[in-house]
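Take the sequence shown: its letters are residues 596 to 722, numbered as in this note's numbering.
Bear in mind the hints are in silico, worked out from the structure with no lab data behind them.
Any given hint might turn out to be false.
[Claimed, not checked] Below, computed lysine-lysine pairings styled on BS3-like, alpha-carbon distance capped at 27 Å:
#, residue 1, residue 2
1, Lys-646, Lys-661
2, Lys-696, Lys-683
3, Lys-670, Lys-683
4, Lys-661, Lys-616
5, Lys-696, Lys-679
6, Lys-683, Lys-706
7, Lys-661, Lys-676
8, Lys-706, Lys-696
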Amino acid sequence: MYQLYENQCYWFSSTVWGSLKELFPSDQDSECGNHHARGRYRGVALGSPTKDIEAVCAAYQSEWQKMLGTLEQVKSHHEAKEAKNRHKLRMEFEVEIEQQKAEIERVRQAKDAEIEQLRARLAALEG
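Construct the complete structure from the given sequences, taking the supplied hints into account.
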């Protein structure tokens with residue numbers, strides 16, 4: 596929309612401001628008191644680009660809906676990716692838990708065997 600050689604910053608800001616006022620009306624309007632002090636270029640007052648404001652306002656709803664659709668797609672993509680990562684972490688965690696359980700069982704069996712050997716030695720000494 597903004598093209599340096601066809602339009603300038605005064606046109607751009609006037610179009611944006613006019614479009615915002617049109618799309619989101621307010622009961623409070625802080626218009627400047629001196630309209631002659633508004634943007635000028637080489638002494639020429641720059642008026643509101645009415646046709647450009649109308650074009651922006653006309654395109655707003657469809658563009659807004661496209662943006663919301665894109666936002667929803669991005670959100671869904673990130674949620675799916677997050678769910679996949681959570682599942683992967685859960686599976687890794689479960690594998691680690693099973694490994695730790697196996698190690699605990701191995702240590703328990705080794706200690707039980709050691710206790711049995713000590714009992715047998717004690718029985719031999721007492722007997």
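Task: 27 Å limit on alpha-carbon distance, applied to hinted pair Lys-696 and Lys-679 - done: holds (26 Å)
TODO: Would you mind confirming whether the straight-line C-alpha gap from Lys-706 to Lys-696 stays at or under 27 Å?
DONE: Roughly 15 Å separates the two Cα atoms, so the pair holds.
- [ ] Please work out if Lys-670 and Lys-683 have their alpha carbons no farther apart than 27 Å.
- [x] holds (20 Å)
- [ ] Assess, step by step, whether the Cα of Lys-683 is no farther than 27 Å from the Cα of Lys-706, and give holds or violated.
- [x] Since the Cα atoms of Lys-683 and Lys-706 sit roughly 35 Å apart, the hinted pair is violated (cutoff 27 Å).
Open item on the list: Need the status of pair Lys-646, Lys-661: alpha-carbon distance at most 27 Å?
Closed with: holds (23 Å)
Task: Holds or violated: Lys-661 to Lys-616, with C-alpha atoms at most 27 Å apart - done: Between Lys-661 and Lys-616 the Cα gap is close to 22 Å, so the pair holds against 27 Å.
Task: Given pair status - Lys-683, Lys-696, alpha carbons within 27 Å - done: With Cα atoms ~20 Å apart, Lys-696 and Lys-683 stay inside 27 Å; holds.
TODO: Mind checking the alpha carbons of Lys-661 and Lys-676 for me, to see if they're no more than 27 Å apart?
DONE: holds (23 Å)
This entry does not satisfy hint 6, going by the numbered hints stated previously; all others are met.
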